[in-house]
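Participant: Chains A and B, in that order, are what the protein sequence lines are.
Under the working numbering, think of the first position of the first sequence as 850, with each following residue one higher.
Under the working numbering, think of the first position of the second sequence as 15, with each following residue one higher.
No lab work stands behind these hints, which were simulated from the structure alone.
If a hint is listed, it holds; no wrong ones were tucked in.
Cut-off 27 Å, straight-line C-alpha distance, at most; resulting in silico cross-link-like pairs (BS3-like, lysine-lysine):
id, chain 1, residue 1, chain 2, residue 2
1, A, Lys1126, A, Lys885
2, A, Lys1255, B, Lys54
3, A, Lys1358, A, Lys1255
4, A, Lys1358, A, Lys1262
5, A, Lys1358, A, Lys1126
6, A, Lys885, A, Lys1358
7, A, Lys896, A, Lys885
8, A, Lys1358, B, Lys54
9, A, Lys1262, B, Lys54
Just so we're clear, the structure is a prediction, and the values are computed from it rather than from any experiment.
Residues per chain, in single letters:
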Amino acid sequence: MNSTAAGWLQFALLFAALAACYIPLGNYIARIYTDKNHWRVERGIYKLCGIDPDADMRWSVYVRSILAFSLVAVLFVYLIERTQHWLFWSVGMANVTPDTAWNTAASFVTNTNWQNYAGEATMGYLTQMAGLMVQQFMSAAVGLAVAIAMIRGFTRSRTDRLGNFWVDVTRGVIRLLLPLAVIGCLVLVAGGAIENLANYHTITTLAGGHQTIPGGTVASQESIKDLGNNGGGWFNTNAAHPFENPNPFTNIFIIFMLLLIPFATPRAFGKIVGDNKQGYALVAVMVIIWACAVGGVSFFETHLGTAGTAAQLAHGATEGVETRFGQPGCSVFAVSTTVTSTGSVNCFHDSLTPFGGGIALMDIALGEIAPGGIGAGMYGILILATVTVFVAGLMVGRTPEYIGKKIRPAEMKYASLYFLTLPVVILTMAGLSIGTKQGQAAIFNPGPHGLTEIMYAFASQANNNGSAFAGLGTAATWYQITGGITMLLGRFAPEIFALGLAGSLARQKPTPASAGTLDTRTPLFVGMLVGVILILVGLTYFPALALGVFAEGLH
Amino acid sequence: MDQRQASFTTRGTSLGVTVWDLFYVGLTIVVFAVLLLILKGVERFER
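Working from the sequences, and respecting the hints, build out all of it.
Facilitator: See the structure below:
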């Protein structure tokens, strides 16, 4: 089978599997967050933590809860990393250096999982499990909670209450992430991924050399890393390591896991607002962008990257590609990990062709809404949908409405603040890195490619993706600090504006649809939303893309 | 994705809080304080 057919077969299999899960999983997610009853284990957690599960929070209290929870989490993960050598299951690892420990703590609490270290040579088992893996569950649950609170903004009226943050997070972990992660872990173990607490073994190879074989609870971390759109690998080479991703079956299963919840969330949205067609419209936008990105990267990697005998014989650009998965396995994975906020990789993104890598960068710059990170993709696309109906309303001279709520100047201010935050953070940090000696000292590739590497690094961190282009010395203190700040601001500032918008919507009374209301369930609206997304991102990042990706690709 | 390869043969560092620890704890608090200020600004805008 040639690589093009193999790629499309993988895509078709993924599409079929995700389509089959769309309704049942989406309905289940909706039921989790609309259920009036608390499970016994949940009641135990609330009692232990002194939480009143029936308290309804104002949107600003919801935000304060997120910030307080995340602040404690950053400090806790930092403490574990800095003291791991004296704790148990350190497997001989030294305490993590302060800059790496802080960057990593910010990274995992924000669902980014940007890694400036080699996991198997830096983190002990306790740090991996109690520090990083716990945050892979919690940060994913926080993202989903914000999305659900945002949806409540559309369904509630004459109130500023958006639900209970602690209940939403607890339910997300107990009812959704833990059960799916257990299933995912078992499938990965069956596929050959390792899961143990064994010490590292040093063996003598047939050639007489010595090799250290690491262990770890790899399958369980791999499972939540993908289901929660986290992306932080146990090993330095992430999902290209055979202990994490042993074969083509586990490779496609991993891609399936990282797309599963984000693609099912629009169904939950449709279910909660009582109009499933609204969910279909949003998921159609997501599928269109994802499919175009897969097609684009596959095309560039198999047609424009074939200079040289080796690449021609292999039918594609093969530098940095894991030979067990081939070019199709790399292209589908690279797109799926960047359109979600996962950031896990099975091939080297820095080795993608200029335009192939450019699409990966664009996927991230889109704000990761196709389908986006767990929860984050949902509230991101809802805000862009409000912008779209506002633009449509300007065209016909009517007050725009979305899901029965008017989109007035106040709502547009929240939306504008939301989608301006990330470009401001990304372009400011990239500009500072290019314009200062500290930033320049770590740029190993000057010229257009170096610019793309810097842009990719800050876009990835601000959008909480976590994948890297490499070629940039991000372990330098400058990038550890600016990166950590970027991740924290990129995660929580947009959530403040999203929940502010939700609060504003919740205070409104519903507006019945009239003859002049734009129907947001039609192909016309789907096309408009795709257009608005591409134009907004294109206008924002075009200068940087022109100097980086286009200059390199057209050279 | 990871960008720095560390050594397998590592040793523990001495116990004690360094200036860098204080710096990063302080930086964390500052960043969250900025986020809280943004929240307060939005609340003022809301009123």
